[in-house]
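These protein sequence lines map, in sequence, to chains G and D. For the first sequence, this note's numbering gives the first residue as 1, with consecutive numbering after it. For the second sequence, this note's numbering gives the first residue as 1, with consecutive numbering after it.
None of these hints come from the bench; they were simulated from the model. It is possible that some hints are incorrect.
With a straight-line cut-off of 27 angstroms between C-alpha atoms, the simulated DSSO-like cross-links for lysine-lysine are [stated by the list, open to error]:
(1) Lys192(D) <-> Lys307(D)
(2) Lys65(G) <-> Lys339(D)
(3) Lys249(D) <-> Lys93(G)
(4) Lys14(G) <-> Lys119(D)
(5) Lys140(G) <-> Lys249(D)
(6) Lys14(D) <-> Lys131(G)
(7) Lys14(G) <-> Lys199(D)
(8) Lys134(G) <-> Lys339(D)
(9) Lys134(G) <-> Lys274(D)
(10) Lys8(G) <-> Lys185(D)
(11) Lys131(G) <-> Lys133(D)
(12) Lys131(G) <-> Lys250(D)
(13) Lys249(D) <-> Lys69(G)
(14) Lys140(G) <-> Lys250(D)
(15) Lys131(G) <-> Lys204(D)
(16) Lys364(D) <-> Lys192(D)
(17) Lys133(D) <-> Lys14(G)
(18) Lys14(G) <-> Lys204(D)
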Amino acid sequence: MDRNDVVKRYEPVKDNMLNILHELQNNNPSNYLTTEDLKWVAEYLNTTYSSVYGVVRYYSMFSLKPRGKFVIRVCNSPLCHMVDDDKLIQSIKNQLSIGLDETTDDSLFSLESSECLGHCAEAPVMMINDKVYKNLNSSKIENIFQSIRSNEKNKKL
Amino acid sequence: MISEYKIALKSIGKYDPNQIEDYITIGGYKSVRKALSIQPEKIIDSVINSGLRGRGGAGFSTGLKEKFTNQSKGIQKFVICNADEGEPGTFKDRVIMEQDPHVLLEGMLISAYAIQATKAYIYIRGEYTESIKKLQTALKQANEKGFIGKNIFNSGFDLDFEIKLGAGSYLCGEELTLLESLEGKRGYPRIKPPFPAEKGLFGKPTLVNNVETFAHIPYIIEKGAEHYKSMGTDDSPGTKIFTISGDVKKPGYYETEMGVSLRELIYDFAGGIKDNKDFYAAILGGAAGTFVNETVLDTPMAYDTLKEKGAVLGSGAIMIMSEGRSLFDMTNSILEFFKHESCGKCVPCRIGMPQLLLIMENVKNNKLERLEALNLLLNESEYMAKSSLCPLGQSPILPIKSLKQYFENQF
Ligand SMILES: Cc1cc2nc3c(=O)[nH]c(=O)nc-3n(C[C@H](O)[C@H](O)[C@H](O)COP(=O)(O)O)c2cc1C
Ligand code: SF4
Ligand code: FES
Numbered sequence: 001m002d003r004n005d006v007v008k009r010y011e012p013v014k015d016n017m018l019n020i021l022h023e024l025q026n027n028n029p030s031n032y033l034t035t036e037d038l039k040w041v042a043e044y045l046n047t048t049y050s051s052v053y054g055v056v057r058y059y060s061m062f063s064l065k066p067r068g069k070f071v072i073r074v075c076n077s078p079l080c081h082m083v084d085d086d087k088l089i090q091s092i093k094n095q096l097s098i099g100l101d102e103t104t105d106d107s108l109f110s111l112e113s114s115e116c117l118g119h120c121a122e123a124p125v126m127m128i129n130d131k132v133y134k135n136l137n138s139s140k141i142e143n144i145f146q147s148i149r150s151n152e153k154n155k156k157l
Numbered sequence: 001m002i003s004e005y006k007i008a009l010k011s012i013g014k015y016d017p018n019q020i021e022d023y024i025t026i027g028g029y030k031s032v033r034k035a036l037s038i039q040p041e042k043i044i045d046s047v048i049n050s051g052l053r054g055r056g057g058a059g060f061s062t063g064l065k066e067k068f069t070n071q072s073k074g075i076q077k078f079v080i081c082n083a084d085e086g087e088p089g090t091f092k093d094r095v096i097m098e099q100d101p102h103v104l105l106e107g108m109l110i111s112a113y114a115i116q117a118t119k120a121y122i123y124i125r126g127e128y129t130e131s132i133k134k135l136q137t138a139l140k141q142a143n144e145k146g147f148i149g150k151n152i153f154n155s156g157f158d159l160d161f162e163i164k165l166g167a168g169s170y171l172c173g174e175e176l177t178l179l180e181s182l183e184g185k186r187g188y189p190r191i192k193p194p195f196p197a198e199k200g201l202f203g204k205p206t207l208v209n210n211v212e213t214f215a216h217i218p219y220i221i222e223k224g225a226e227h228y229k230s231m232g233t234d235d236s237p238g239t240k241i242f243t244i245s246g247d248v249k250k251p252g253y254y255e256t257e258m259g260v261s262l263r264e265l266i267y268d269f270a271g272g273i274k275d276n277k278d279f280y281a282a283i284l285g286g287a288a289g290t291f292v293n294e295t296v297l298d299t300p301m302a303y304d305t306l307k308e309k310g311a312v313l314g315s316g317a318i319m320i321m322s323e324g325r326s327l328f329d330m331t332n333s334i335l336e337f338f339k340h341e342s343c344g345k346c347v348p349c350r351i352g353m354p355q356l357l358l359i360m361e362n363v364k365n366n367k368l369e370r371l372e373a374l375n376l377l378l379n380e381s382e383y384m385a386k387s388s389l390c391p392l393g394q395s396p397i398l399p400i401k402s403l404k405q406y407f408e409n410q411f
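From just these sequences and the hints, can you work out the full model?
Here's what the structure looks like:
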């Protein structure tokens with residue numbers, strides 16, 4: 001949803017802040033909030049830039065720097081951690097040649113760790129954008145990345 | 001053998017959550033219709049008499065909360081559903097929202113009417129994308145049907161709903177922090193009192209309940225308080241969803257009467273320990289929960305009986321560890337979780353969390369004996385519990401104290 005849609009759907013009241021920030025971030029192909037976004041939100045909600053900035057910095061789902069088209073969130077909470085025999089985060093780092101909170105050179109993937117994603121019965125778990133992937137191991141993850149990559153290639157053709 | 005008994009989950013799998021018509025066919029919204037023809041105070045009495053206690057973790061009487069909110073002065077009042085589910089090992093609210101979003105709307109409608117609320121909010125964690133979609137659809141359809149909005153079922157009662165998203169903070173599940181977040185601020189806790197019933201959202205009287213708690217309300221209205229109270233234990237009536245994960249053959253969610261034993265949950269419901277190993281430890285209630293050993297296997301799972309054993313029921317999360325698993329690693333992981341989620345507003349928690357992990361680090365580097373480390377952890381977490389501003393800083397003492405009680409020599 002872009003700014004025009006936000007104006008149509010959300011009243012300019014401060015309690016809409018988080019919802020609006022989500023909408024703007026989702027609308028950005030690089031999954032982040034720009035300085036312009038923050039300024040615009042501050043003006044729209046009749047508040048200060050610093051209070052918007054403070055909110056964005058507090059919540060881990062928001063990013064102030066460009067991320068990949070696909071944001072990977074790997075659950076790092078106790079249960080997933082316990083049953084994760086393949087050290088998934090390390091394995092993803094190796095597969096994508098990036099570290100935590102970094103983005104691949106082709107701007108396709110960013111890697112983040114997350115707390116419990118509420119699918120502990122199917123641990124270990126990760127999300128890529130809106131989708132949950134369960135009962136993971138490193139080879140499954142390799143396949144998931146591969147299919148996303150080939151999908152993206154086909155789109156470009 | 002004890003069987004499942006479903007209240008919160010009673011309509012799961014029986015209708016398509018994207019079709020309100022389906023839900024109406026199986027009796028949906030009957031309870032709301034019934035409730036709106038009863039005096040609000042009578043509804044509150046029923047909920048008090050049912051003995052229902054909050055399923056979000058703290059176990060406070062739901063009816064009393066309604067009563068206090070109802071008695072608070074104010075024209076504007078709010079009802080809020082706490083759908084921020086983030087306690088490790090807990091996934092019951094997600095199941096309800098994804099598969100039976102309407103029971104939640106029903107429970108909220110009835111509660112809102114009972115306290116004469118003017119608006120309803122669902123505060124849901126941002127990562128629960130599927131639940132969010134299901135709730136949006138359910139709200140839209142309920143609106144079109146006239147089940148929410150103006151003059152609901154010709155009762156003269158109006159109620160609008162809004163969905164508010166969280167954005168990745170466990171602490172925002174704490175009810176006062178949730179209010180801050182919902183108001184569009186950073187998730188810094190408020191000081192208690194005042195409680196939400198008195199001064200909540202925007203300073204107005206507010207009822208905050210968990211998803212599972214709301215899901216019990218239509219049932220209580222339909223079947224009556226006496227029937228509800230006849231289930232479970234005297235102290236903890238009704239049913240509870242237990243979410244079992246870890247080293248069991250069939251991890252998942254199981255709803256049954258309060259008072260079921262851990263043994264029954266593990267061996268009858270969840271198929272027993274995986275790979276035919278022996279049971280070693282369970283963590284009850286999530287990260288802000290307690291470790292227990294086999295001596296608790298036959299204790300009834302209810303608020304008071306677990307408390308007598310130094311354990312908590314919490315959200316109903318049960319994480320199972322089989323023989324061979326490391327309590328030390330698990331504890332480390334729990335402490336990492338808390339450190340990550342501490343908001344840093346107050347000193348004891350901001351400094352204390354890294355301090356706890358430093359103790360763990362010293363054990364890993366062979367600078368500290370394990371038993372000595374456990375005593376240090378206990379000492380430190382006790383300070384934190386006494387001096388932290390909000391319940392998060394008061395949480396590490398729970399797992400640590402229980403380790404000392406049940407696993408002193410195995411840490
Ligand atoms: C750090 C922390 C996180 C919490 N997270 C949740 C949560 O995700 N969902 C929830 O219902 N209650 C959570 N609670 C408990 C709430 O503060 C509150 O007790 C609950 O919403 C009340 O609803 P109930 O009476 O229906 O249980 C949390 C508490 C703390 C201290
Ligand atoms: S106890 Fe921890 S989470 Fe709570 S206010 Fe203090 S620093 Fe923040
Ligand atoms: S601990 Fe990973 S999904 Fe719950």
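Hints and how they fare:
no.	hint	in the structure
1	Lys192(D) <-> Lys307(D)	holds, 23 angstroms
2	Lys65(G) <-> Lys339(D)	holds, 24 angstroms
3	Lys249(D) <-> Lys93(G)	violated, 31 angstroms
4	Lys14(G) <-> Lys119(D)	holds, 17 angstroms
5	Lys140(G) <-> Lys249(D)	holds, 21 angstroms
6	Lys14(D) <-> Lys131(G)	holds, 25 angstroms
7	Lys14(G) <-> Lys199(D)	holds, 19 angstroms
8	Lys134(G) <-> Lys339(D)	holds, 26 angstroms
9	Lys134(G) <-> Lys274(D)	holds, 18 angstroms
10	Lys8(G) <-> Lys185(D)	holds, 22 angstroms
11	Lys131(G) <-> Lys133(D)	holds, 12 angstroms
12	Lys131(G) <-> Lys250(D)	holds, 23 angstroms
13	Lys249(D) <-> Lys69(G)	violated, 37 angstroms
14	Lys140(G) <-> Lys250(D)	holds, 21 angstroms
15	Lys131(G) <-> Lys204(D)	violated, 37 angstroms
16	Lys364(D) <-> Lys192(D)	violated, 39 angstroms
17	Lys133(D) <-> Lys14(G)	holds, 23 angstroms
18	Lys14(G) <-> Lys204(D)	holds, 16 angstroms
In this structure, the earlier hints numbered 3, 13, 15 and 16 are contradicted, and the remaining ones agree with it.
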